[in-house]
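A.B. asks: Could you put the whole structure together from the sequences, leaning on the hints where they help?
Line by line, the protein sequences are chains S and Z. Take -2 as the starting number for the first sequence in this note's numbering and just add one per residue. Take 49 as the starting number for the second sequence in this note's numbering and just add one per residue.
Hints were generated in silico from the structure; no laboratory data involved. Every residue, glycine too, gets a C-beta built ideally from N, C-alpha and C. Careful, some of the hints might be misleading.
[What the hints assert, rightly or not] Using 25 Å as the maximum straight-line C-alpha spacing, the simulated SDA-like pairs for lysine to any residue come out as follows: (1) S:K255 with Z:A295; (2) S:K245 with Z:E286; (3) Z:K285 with S:T14; (4) S:K245 with Z:A295; (5) S:K188 with S:R44; (6) S:K188 with S:L141; (7) S:K255 with Z:T167; (8) S:K32 with Z:A196; (9) Z:K285 with S:G15.
[Unchecked claim] In silico negatives: residues of chain S with every beta carbon more than 12 Å from chain Z: (10) T37; (11) A47; (12) T75; (13) Y82; (14) V92; (15) S101; (16) N112; (17) P146; (18) I147; (19) Y148; (20) Y150; (21) T186; (22) S200; (23) R211.
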Amino acid sequence: MPLRPVQVMVADIARRTGGQVPIGVILDAIESANKEIHTTYDWPWTRAEANIQIQAPYQTGTITISDQTNSFTGSGTTWNTNWQYKRLFLGTNNVDYLVSNFSSPTAGTLVQTINTGVNFVNANYTVFQDTYALPADCEFGSILLIVNPIYRYRLRYVPSYTLDFQSVFSRVFFTNFQSGFADNGFDDTGKVPLIRFAPAPGSITEYRIVYRRRPPSLQGINATSTVPESFDRVIELMAEFKVRFGQKTPMPGWMEVKQAAYQMLQDMRARVSTSTWDNYSAYSQYPYYDQMFGSSQSVFAGGLFIGPTSGSL
Amino acid sequence: MSQTMTIDAMALDLQARLPFNLTTAFCFTKLNQAYQWIEQQGAFVWDHRLAVQIIPQNQYWINLTGTSTLLPLAPDTINLAQIDVGKPIAIWPAGTTVMNVPIPFVPMDQFALYQTFNTTAIGGVFSVWTLLFSITNNCFQIRFAPTAAAVTDPGGDSFALQVHLLPVPPLTTGQFFPTPDQFDITIIDIAEVEIRRLYGLAGWDAALQKVQNSARALMDPYRSVKLTDKGLEETAKESQEAQLYRAQ
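C.D. replies: Here is the structure:
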């Protein structure tokens, strides 16, 4: 018997509920059940990976911007109009400015006006990027780890407050040895979560991010879930419970269906949890505890970046 | 359909039962009225038809006018204007590219509740339908929701309509009623009682009650929709579950 497509689940639920529940309600319940099941545990099939393409700072040409304005122009610059999440550093007061967009290779706009008391005319500058978008199917809290493959270490996931505090001493210390990263808000336009590295990257490179992906939506009548085939009925049971309970007067039998759904969910969790790595005792402290190196040999022992040592690698 | 007694034979039987001369035309009228009374008692299998109608691209309604589509699923075509909209109608997608799940009916006051869903609408996958009258087309119209699920297939999508037709026009000489043979006598009985009531013959009220009860007993097995009311057991289970839920 193949994996159940959406239309089979809809037909089954419609049959068991007397055919009087609108298809749209059933489809919504199936989608909700699929998402809810995937939030209950770190299922092995949700593992995904991607490369974060770190960009080098850009300093070619000069820049002109007046005080109390947010528009700037370049001379000898070749800014890319597709650049996103860039920051502009003018070399004063340890402040960098968020760039809203580059309208042309020689013009751009900041998110806010500058407030330096002086105008910058054909001045040196640095455009750099320390903020990056997560993959579209990655959510806050879904990141398992980010590694720097060049120097072979794992970046530490720190609270935003900690990252900002650590980087306040030098906002623009460029290096390719990032100590950590933190959540950095949400891109309202692209609808993706953002993370920020500190210190700011100093050259082009690639980091590997491993994360738990959001389950694909069950769009289309032939869509199938990523749940293992042996347990794909758990989605149908969970959806039927939601359909029954979600009526103005709950349909009788919703308790039994709910019980069956959650029992199957428990069984699935007991059987498909194949990776002991996911279940080691210190997992609750993840990602602050890195068992690979041991607590005494951690690169990030005590929350301080001390660099890899020959003894710990 | 009755194969035993034409309306002519039934009229003769009716004339023999009553102590005065009734014209054949009058008997025909009363027999047809008796048949109409049976039709008013519900939806029956002899009126039940399966038809298929193709909804064209970008459309989310069916006008009940014209002739249905001839397809292998529905070898008989019907005149859509002859559909009795007061009797149960079942609609389900009949094509291979949409979900073959019945589309439930909702009354017009609930129709708007089913326009917005979380999942993206799929062309031709409607959630509910309702009935309204189209002034423009001068016919009844089956309208589907959500409108965002309007058919996207350029060739249209097929929908099966399980309907009941309007009662046949009054029969004339040589014709048979569409009811089974065993209804012939019942139709005569109903017509007889009605005539007795009309002329004030003694005992017509008791006879009317008796014949209507026996007619209903005869009709029940032939109903096309076997709806069951919620039983006591189901109601008790509902109460029990509500109490358990509140106790959580």
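A.B. asks: Decide, hint by hint, whether the structure agrees.
C.D. replies: Verification of the hints:
no.	hint	verdict
1	S:K255 with Z:A295	16 Å, holds
2	S:K245 with Z:E286	12 Å, holds
3	Z:K285 with S:T14	15 Å, holds
4	S:K245 with Z:A295	19 Å, holds
5	S:K188 with S:R44	21 Å, holds
6	S:K188 with S:L141	21 Å, holds
7	S:K255 with Z:T167	22 Å, holds
8	S:K32 with Z:A196	24 Å, holds
9	Z:K285 with S:G15	17 Å, holds
10	T37	19 Å, holds
11	A47	25 Å, holds
12	T75	41 Å, holds
13	Y82	29 Å, holds
14	V92	43 Å, holds
15	S101	37 Å, holds
16	N112	45 Å, holds
17	P146	38 Å, holds
18	I147	42 Å, holds
19	Y148	44 Å, holds
20	Y150	42 Å, holds
21	T186	21 Å, holds
22	S200	42 Å, holds
23	R211	15 Å, holds
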